[in-house]
Amino acid sequence: MGREENITEDEAALYDRQIRLWGLDAQRRLRAARVLLVGVKGLGAEVAKNIVLAGIKSITLLDSSLVDDEDCTSHFLVSRADLGKNRAESSLHRVQLLNPMVQISADSGDVVAKDDSFFSNFDVVCVTCCPAATQCRINKICADKKIQFFSGDVFGYYGYMFSDLGEHEYAEEVANTKAKPDEDDETGEPSPKKAKTQEPDTLVVKKCMSFKRLENALNVDWSVDDMKKRLRRTPSTYFIMQVLLDFYGKHKRRPLIKSKAEDVTDLNGLRETTLDRLKVDKKYVPEDFASFCFAELSPVCAVVGGVLGQEIIKAVSQKDQPHNNFFFYNGIDGNGMVDNIGSSQH
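Start counting the sequence shown at -9; every next residue gets the next number (this note's numbering).
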């Protein structure tokens, strides 16, 4: 993480509410953070908005794709006038308008072509709209270089985020249960009334949390006894995500509305092969799931992007306990769930 930077008077005025919420030291850490955001579709737009408004130092928008019709309906950083133009470059102006104090840059290159040293320029890397192989490769690079890694995506009604912060230290406020009641002035004994009405003190405690790599979180053997016991508690969105990532890896694209009939058929076939690979019964993925996997729905992007943005802010500021390691959102039933999945090996 970059060094903490001093806050100017203008920044103190702009971020006054945030400083009151999480403290000056946390805001200084945010002010020093250099973020790489890969993928500027609907989810990426929400993440960019949230962390730029929070007051990071800089953000680089990396996306080699061109603005299409779906982009014009899934997020607010591009318009129909940008159709056919590079997505990152088209988003640059509106992101800058959100916070003139943050350095914004656009990179129209392909993330797959970036060498390992490229990622050393950042403190946080957030990967969206990429196949599993790309996410795992960047996660490994970040782990080796001690860069905080996040990834996520939204497919129709389904969305997820993942985080790998390595060995992460953070501060958390906890109630001081050992607070002593006031003593009676004359007898030196505790006053019953005062003891009952006294508010407990709050302490700031430093804690540490270990994270897993995405590769370990995806390649789980669900046939072993320990994992079998967890199956019922594991969100179905985890397995739906696996099917969608297999589709992404097979076709080098997301499911498309213009080829919906063919893609639904293929997704249903992948439901069987993916769950067989994971050694999981087909009942853990609903039979009709494929009908709800198309396009990025703005409300789902807002939910997942809100959580992902907040997790980046928590990680950078080292304030409060982060999610470890998945957040899943299922828009069909409106459920969101945090779960820790994968082997402990990092």
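Since the hints were derived computationally from the structure, they do not count as laboratory data.
Bear in mind that the values here come from a model prediction, so they are computed numbers and not experimental data.
Be aware that a few hints might be false.
DSS-like, lysine-lysine: derived pairs with alpha carbons at most 27 Å apart [claimed, not checked]:
1) K273 to K130
2) K242 to K104
3) K219 to K136
4) K240 to K196
5) K248 to K75
6) K196 to K304
7) K136 to K196
8) K104 to K240
9) K219 to K304
10) K130 to K269
11) K47 to K130
12) K135 to K218
13) K304 to K269
14) K242 to K218
15) K218 to K273
16) K248 to K136
17) K75 to K197
18) K197 to K130
19) K135 to K196
20) K219 to K250
21) K47 to K197
22) K219 to K240
23) K269 to K242
24) K135 to K219
25) K47 to K196
26) K273 to K250
27) K47 to K304
28) K304 to K135
29) K130 to K248
30) K218 to K272
31) K75 to K250
32) K240 to K197
33) K219 to K196
Outcome of the hint check:
Note on K273 and K130: the hinted pairing is violated, with a Cα-Cα distance of about 33 Å set against a maximum of 27 Å. With a C-alpha separation of about 18 Å, the suggested pair K242 and K104 falls inside the 27 Å cut-off, and the hint holds. A threshold of 27 Å between alpha carbons decides the hint, and for K219 with K136 the separation of about 33 Å lies outside it, so the pair is violated. Straight-line distance between C-alpha atoms of K240 and K196 comes to about 44 Å, which puts the hinted pair past the 27 Å bound.
Among the hinted pairs, K248 with K75 is consistent with the structure: their alpha-carbon atoms are about 21 Å apart, no more than 27 Å. Simply put, K196 and K304 have alpha-carbon atoms about 14 Å apart, close enough for the 27 Å limit, and the pair holds. Restraint check for K136 and K196: the C-alpha separation of about 20 Å stays at or below 27 Å, so the hint holds. This hinted pair checks out: K104 and K240 have alpha carbons roughly 22 Å apart, not beyond 27 Å.
Distance restraint check for K219 and K304: the Cα-Cα separation of roughly 31 Å exceeds the 27 Å cut-off, and the hinted pair is therefore not satisfied. Under the criterion of a C-alpha separation no larger than 27 Å, the hint pairing K130 with K269 is consistent with the structure, at around 26 Å. With a C-alpha separation of about 24 Å, the suggested pairing of K47 with K130 holds against the 27 Å cut-off. Of the pairs offered as hints, the one joining K135 and K218 is violated, with about 34 Å between alpha carbons and a cut-off of 27 Å exceeded.
In summary, the hint linking K304 to K269 is not supported, as the alpha carbons are separated by about 35 Å, beyond the 27 Å threshold. A hinted pair counts as satisfied when its Cα atoms are at most 27 Å apart, and K242 with K218 does not qualify at roughly 32 Å. Note on K218 and K273: the hinted pairing holds, with a Cα-Cα distance of about 14 Å set against a maximum of 27 Å. A distance of roughly 41 Å separates the Cα atoms of K248 and K136; the hinted pair therefore is violated under the 27 Å criterion.
Straight-line distance between C-alpha atoms of K75 and K197 comes to about 46 Å, which puts the hinted pair past the 27 Å bound. Of the supplied pair hints, the one linking K197 and K130 holds, its CA atoms being roughly 24 Å apart against a limit of 27 Å. Distance hint between K135 and K196 is fulfilled; the C-alpha atoms sit about 23 Å from each other, no more than 27 Å. Simply put, K219 and K250 have alpha-carbon atoms about 36 Å apart, too far for the 27 Å limit, and the pair is violated.
Proposed proximity of K47 and K197 is supported: the alpha carbons are some 26 Å apart, at most 27 Å. This hinted pair does not check out: K219 and K240 have alpha carbons roughly 31 Å apart, beyond 27 Å. With a C-alpha separation of about 25 Å, the suggested pairing of K269 with K242 holds against the 27 Å cut-off. Using a Cα cut-off of 27 Å, the hinted pair K135 and K219 is violated, with the two alpha carbons roughly 35 Å apart.
The straight-line distance between the Cα atoms of K47 and K196 is roughly 25 Å, inside the 27 Å bound, and the hint therefore holds. Annotation: proposed proximity of K273 to K250 holds, straight-line Cα distance about 23 Å (limit 27 Å). Under the criterion of a C-alpha separation no larger than 27 Å, the hint pairing K47 with K304 is consistent with the structure, at around 15 Å. Restraint check: the Cα-Cα separation between K304 and K135 comes to about 20 Å, which is no more than 27 Å; the hinted pair holds.
Under the criterion of a C-alpha separation no larger than 27 Å, the hint pairing K130 with K248 is inconsistent with the structure, at around 35 Å. Using a Cα cut-off of 27 Å, the hinted pair K218 and K272 holds, with the two alpha carbons roughly 14 Å apart. Note on K75 and K250: the hinted pairing holds, with a Cα-Cα distance of about 25 Å set against a maximum of 27 Å. For the given pair, K240 sits about 41 Å from K197 by alpha-carbon distance, which is inconsistent with the 27 Å threshold.
About 32 Å separates the Cα atoms of K219 and K196, which puts this hinted pair outside 27 Å; it is violated.
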